[in-house]
Amino acid sequence: MLVGHRTWEFANRPIIISTGTVGGPFEAKGAIPDDFDLLHGDLWLNEDTYEKAHKVLMEEACERALHKVGLKKEDIQFFMAGDLINQMTPTSFAAETLGSAYFGLFGACSTSMEGLALAAYIVNTKGARYIMTGASSHNTAVEKQFRFPTEYGTQKPPTAQWTVTGAGAALVSDDGKGPAITSATIGRVVNMGMTDPNNMGGAMAPAAVDTIETHLKERNIKPSYYDVIATGDLGHIGREVSLDLFHKHGVEITEEQYQDCGLMIYREGQPVLAGASGTACSAVVTYGHLLNRMKKGEIKRMLVTATGALLSPLTVQQNETIPCIAQAVSIEWDEGEAES
Amino acid sequence: MANNKKKNLTPVQQEYQTFEKQRETNRPVFKNCVKAFLTGGTICLIGQGIQTFYIYNFNFTEETAGNPTIATLIFLVLLLTGFGIYDRIAQFGGAGTAVPVTGFGNAVISSAIEHRSEGLVLGVGGNMFKLAGSVLLFGTFSAFVVAIIKTIITQWGGF
Chain A
0 MLVGHRTWEF
10 ANRPIIISTG
20 TVGGPFEAKG
30 AIPDDFDLLH
40 GDLWLNEDTY
50 EKAHKVLMEE
60 ACERALHKVG
70 LKKEDIQFFM
80 AGDLINQMTP
90 TSFAAETLGS
100 AYFGLFGACS
110 TSMEGLALAA
120 YIVNTKGARY
130 IMTGASSHNT
140 AVEKQFRFPT
150 EYGTQKPPTA
160 QWTVTGAGAA
170 LVSDDGKGPA
180 ITSATIGRVV
190 NMGMTDPNNM
200 GGAMAPAAVD
210 TIETHLKERN
220 IKPSYYDVIA
230 TGDLGHIGRE
240 VSLDLFHKHG
250 VEITEEQYQD
260 CGLMIYREGQ
270 PVLAGASGTA
280 CSAVVTYGHL
290 LNRMKKGEIK
300 RMLVTATGAL
310 LSPLTVQQNE
320 TIPCIAQAVS
330 IEWDEGEAES
Chain B
0 MANNKKKNLT
10 PVQQEYQTFE
20 KQRETNRPVF
30 KNCVKAFLTG
40 GTICLIGQGI
50 QTFYIYNFNF
60 TEETAGNPTI
70 ATLIFLVLLL
80 TGFGIYDRIA
90 QFGGAGTAVP
100 VTGFGNAVIS
110 SAIEHRSEGL
120 VLGVGGNMFK
130 LAGSVLLFGT
140 FSAFVVAIIK
150 TIITQWGGF
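Residue numbers (numbering that gives the first Met the number 0), protein chains in the order written: chain A, 0 to 339; chain B, 0 to 158.
Hints are computed from structural coordinates only; laboratory data are not their basis.
As the structure is a prediction and not an experimental result, all values here were calculated from the model.
One thing to keep in mind: the hints can contain errors.
In silico lysine-lysine, DSS-like type, Cα no more than 25 Å apart, as pairs [to be verified]:
#, chain 1, residue 1, chain 2, residue 2
1, A, Lys67, A, Lys294
2, B, Lys20, A, Lys155
3, A, Lys71, A, Lys143
4, A, Lys125, A, Lys155
5, A, Lys125, A, Lys51
6, A, Lys28, A, Lys176
7, A, Lys155, B, Lys34
8, A, Lys125, A, Lys72
9, B, Lys149, A, Lys155
10, A, Lys155, A, Lys216
11, A, Lys247, B, Lys20
12, A, Lys28, A, Lys294
13, A, Lys125, A, Lys143
14, A, Lys51, B, Lys129
15, A, Lys221, A, Lys143
16, A, Lys67, A, Lys295
17, A, Lys221, A, Lys125
18, A, Lys155, B, Lys30
19, A, Lys28, A, Lys216
20, A, Lys143, B, Lys30
21, B, Lys20, B, Lys30
Listed below are several chain A residues computed to face chain B (Cβ distance under 10 Å; list not exhaustive) [claimed, not checked]:
#, residue
22, Val2
23, Gly103
24, Pro157
25, Ala202
26, Asp243
Even glycine gets a Cβ: it sits at the ideal position worked out from N, Cα and C.
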């Protein structure tokens with residue numbers, strides 16, 4: 000089970016039996032609209048506040064995941080999810096709708112893989128039959144809390160990133176067909192003294208490097224073991240910085256293999272500056288796009304490393320530095336649906 | 000950890016920050032200045048047009064035409080902010096949209112729209128001056144300080 004200091008290997012291979020992904024209008028115009036189960040044309044989702052719309056995103060993602068395998072919400076033992084809003088109300092309110100036992104998780108944008116790692120651990124030890132895990136974010140609700148009013152005219156620097164509107168949910172079980180969760184490495188908080196909240200990628204890159212290197216060392220595998228090593232939301236700057244750090248440390252990760260969810264979701268030309276971010280970013284890209292590619296047999300083994308910046312608007316104003324974390328989960332599917 | 004002054008960082012943090020800085024995309028300062036000049040200049044040109052319009056068509060002088068001109072500009076910003084256009088112009092124009100009175104109007108209007116969901120009193124009323132409040136405070140205070148300095152010089156300086 001525990002290998003090394005902070006890596007779990009899951010001998011019983013918990014399966015992601017189903018996923019649900021929901022996106023907003025900006026995601027619909029992005030690079031991977033076909034990988035979403037549901038896309039909304041409007042940020043309000045017929046609700047009267049953005050926070051309520053945020054809650055609906057999470058509810059719909061869970062609903063889609065259940066619907067695909069014909070399960071009911073009563074079948075779920077635990078729900079483990081999180082978001083970025085104060086006290087995590089959108090997720091908690093969605094948990095009320097879902098009705099199952101609930102763990103609220105906060106790992107900023109690393110929540111998706113934090114949830115998947117814990118869900119896999121519990122399912123692997125027979126602690127549950129079905130666990131729903133996921134993460135969501137809503138562009139305007141998050142902007143409102145972390146930055147300025149949405150309609151306020153301010154010039155964002157080229158290092159800033161765009162918060163994804165969406166939700167991704169995965170249903171983890173010990174029995175079923177689908178990609179298996181084989182291991183997870185839990186991150187520690189890394190603080191490189193960065194202070195610019197408009198440059199999250201640069202702040203989070205060392206955390207991603209730390210977790211990925213620990214994962215490879217503790218599992219005693221080479222980077223080439225994985226077809227894809229995906230990071231959550233490092234963006235252009237964080238990706239480049241972390242790749243250079245790997246080269247500096249002598250870890251042979253190639254350009255093609257090292258991908259970033261924050262750079263996959265939007266098209267060239269969308270005004271996202273350094274890339275996408277937000278709790279939903281790694282969740283929708285992993286549970287939608289990347290797992291679909293696994294299904295087609297294009298990817299057999301991947302390591303998803305969701306990265307999170309553990310700051311708040313208050314700590315920024317009080318001149319605190321930005322602590323960051325990264326959680327890595329390896330997902331493997333040898334057959335893929337195409338061949339089986 | 001709390002202090003962001005570089006001398007308080009560990010050598011590892013300093014090394015990383017230098018490493019990261021080399022890979023960071025910098026703000027295109029010169030380009031931004033040119034864009035700000037053009038955007039801000041255009042806003043002022045429109046303002047000038049409105050002022051001239053009031054002077055020639057109504058009973059205003061150059062001194063009194065200021066108030067209706069500003070009111071008209073703020074009304075236009077209200078529409079542009081409400082329709083979600085002003086923030087896009089601002090991403091292009093930067094300081095050019097922030098410095099004129101339109102930037103101030105946008106700060107008040109956007110906060111009011113944003114917090115409408117929390118009600119009229121605590122939401123709109125309590126948050127309307129969230130961004131503009133400090134401009135009012137320090138604007139008024141610095142005017143006060145300048146007025147005192149002027150009084151001291153003119154009254155006691157014998158000018």
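**Request:** Compare the distance between the alpha carbons of Lys155 of chain A and Lys216 of chain A with 25 Å, and conclude whether the hinted pair is satisfied.
**Result:** With a Cα-Cα distance of about 38 Å, the restraint between Lys155 of chain A and Lys216 of chain A is violated, given a limit of 25 Å.
**Prompt:** Quick one, are Lys149 of chain B and Lys155 of chain A close enough, alpha carbons at most 25 Å?
**Reply:** The given pair, whose Cα atoms are some 39 Å apart, is violated under the 25 Å limit.
**Asked** Does the interface hint hold: is Val2 of chain A within less than 10 Å of chain B, judged Cβ to Cβ?
**Response** It is violated, given that the least Cβ distance between Val2 of chain A and chain B is near 27 Å, above 10 Å.
**Asked** Does Lys125 of chain A lie within 25 Å of Lys221 of chain A when you go C-alpha to C-alpha?
**Response** violated (30 Å)
**Request:** Measure nothing beyond the straight line between the CA atoms of Lys125 of chain A and Lys72 of chain A; if it is 25 Å or shorter, mark the hint as holding.
**Result:** holds (19 Å)
**Request:** With a cut-off of 25 Å on the C-alpha distance, tell me whether Lys67 of chain A and Lys294 of chain A pass.
**Result:** holds (15 Å)
**Message:** Just to be careful: measuring from the Cβ of Pro157 of chain A to every Cβ in chain B, is the smallest value less than 10 Å?
**Reply:** Constraint on Pro157 of chain A satisfied, holds at 4 Å.
**Prompt:** Hey, Lys71 of chain A versus Lys143 of chain A, does the alpha-carbon distance stay inside 25 Å?
**Reply:** violated (35 Å)
**Request:** Measure nothing beyond the straight line between the CA atoms of Lys125 of chain A and Lys51 of chain A; if it is 25 Å or shorter, mark the hint as holding.
**Result:** violated (35 Å)
**Prompt:** Lys28 of chain A and Lys216 of chain A: Cα distance at most 25 Å?
**Reply:** violated (40 Å)
**Prompt:** Holds or violated: Lys125 of chain A with Lys155 of chain A, Cα cutoff 25 Å?
**Reply:** Given pair Lys125 of chain A, Lys155 of chain A is violated - Cα atoms ~48 Å apart, limit 25 Å.
**Item:** Distance restraint between Lys20 of chain B and Lys30 of chain B, which requires alpha-carbon spacing of 25 Å or less
**Value:** holds (20 Å)
Consistency with the previously given hints fails for numbers 3, 4, 5, 6, 9, 10, 13, 15, 17, 19, 20, 22, 23, ordered from lowest to highest.
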